Amino acid sequence: MVRTTPPRPLDIAALFPELREHSRTATRLHPRRGAPTVTDSSVGGPLLWPADEVWPVCDDAGAHESYNLTTPAALRRRREILAIAETRGRLPGGDFLTAEERAELDAADALDLDDLIEDPIPLVPVAQLYRRDIPDYAGPDGTDLLQVLWCPVDHSDRHYGPRVFLHWRDSSAVGPLLGAAPEPPVVSHMYLPIPCVVHPEQVREYQYADLLPDDLRERIDAWDDDEDESRPHYQSDLSLAPGWKVGGYANWSLTDPYPMDCAVCGTTMTLIFTAGSSDWNGMDCSWRPSEEDPAASPDTADVQIGRGYSLYTFQCPESFDHPPATAMQ
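Okay, so the sequence shown: first residue is 4 according to this note's numbering, each after it adds one.
Hints were generated in silico from the structure; no laboratory data involved.
There's no promise every hint is true.
[What the hints assert, rightly or not] Computed spacing ranges between beta-carbons, pair by pair:
| no. | residue 1 | residue 2 | range |
| --- | --- | --- | --- |
| 1 | S174 | R11 | 30 to 36 Å |
| 2 | D98 | A225 | 35 to 41 Å |
| 3 | E24 | D173 | 33 to 39 Å |
| 4 | D118 | R91 | 56 to 62 Å |
| 5 | P95 | P53 | 36 to 42 Å |
In this text, all values refer to a predicted model and were calculated from it rather than measured experimentally.
Every residue gets a Cβ at the ideal spot worked out from N, C-alpha and C, and that includes glycine.
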């Protein structure tokens, strides 16, 4: 099914024409549970990975945090139990889970997995994005595939989020494929995406208000301060799409903006990929796709960044060989 963002409630660039100089497109991914293959763009799906290329690991054990740890098998079983309970509804007496289901989940929660974060941890596939599917694909010349992976535990040196790795490929040059990717022995329950197919859609975004020129920002703020609560707002309705996306701008509303400069050359980095805790923000969000049931859950990939935030991955525009950087907002 196609996913379509409703037209914006008004054309903010018609009111403030200077905004056109602070505009980019973004490709919303709209991940939905499915069975993607290595030849598909996906979130949480299998990667087109050469058999002769070692699967990457995170060896940053000193930064690994023992928070919300579980095993991939236990997490998948938890999801299965909760899905069964959701379909079944409340039991007589009002309980959501049977005694057996509760006992199984409690046993999984009691596992002591802290020692496992001391070893190198195989990375988890987060997204695979083919140029043919993603209008805002950005990668080195000669590549048509971006693969996003992360270390699936919190890192003390990454604002207590996952550590992100980017790989670009020419898919036509990949020969024999790796079978099953190595699975990490331990994950945070927030960082193992459900395999999802994607429904790419290009939208127009405008820069976060506090990063606009002062005069323009002040005029938008004055317009936004109108007491009519029914009117759309720049930040929530007119500028920045929520959820999983490629390109566009970051929403800095958690901490206010801070510099994202390349650790190698100091160049200001650009947003390349966003992993979201949801595809839209609640029932009244104007960015909810038109085809979506208003009662549907926006948490389509079962990933949670912090307390429901997004993880923005930035890339140096000077060289794709320079390491990415992330911000949780």
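Taking the hints in turn, this is what the structure says about them:
Separated by about 35 Å at the C-beta atoms, S174 and R11 satisfy the suggested range of 30 to 36 Å. The hint said 35 to 41 Å for the Cβ distance between D98 and A225, and at roughly 53 Å that hint is violated. For the pair E24 and D173, the supplied restraint of 33 to 39 Å holds, since their beta-carbon distance comes to about 35 Å. Separation of D118 from R91 is about 37 Å and departs from the stated range, judged on CB atoms against 56 to 62 Å.
The hint said 36 to 42 Å for the Cβ distance between P95 and P53, and at roughly 54 Å that hint is violated.
The structure fails to meet hints 2, 4 and 5 from the earlier list, while all remaining hints are met.
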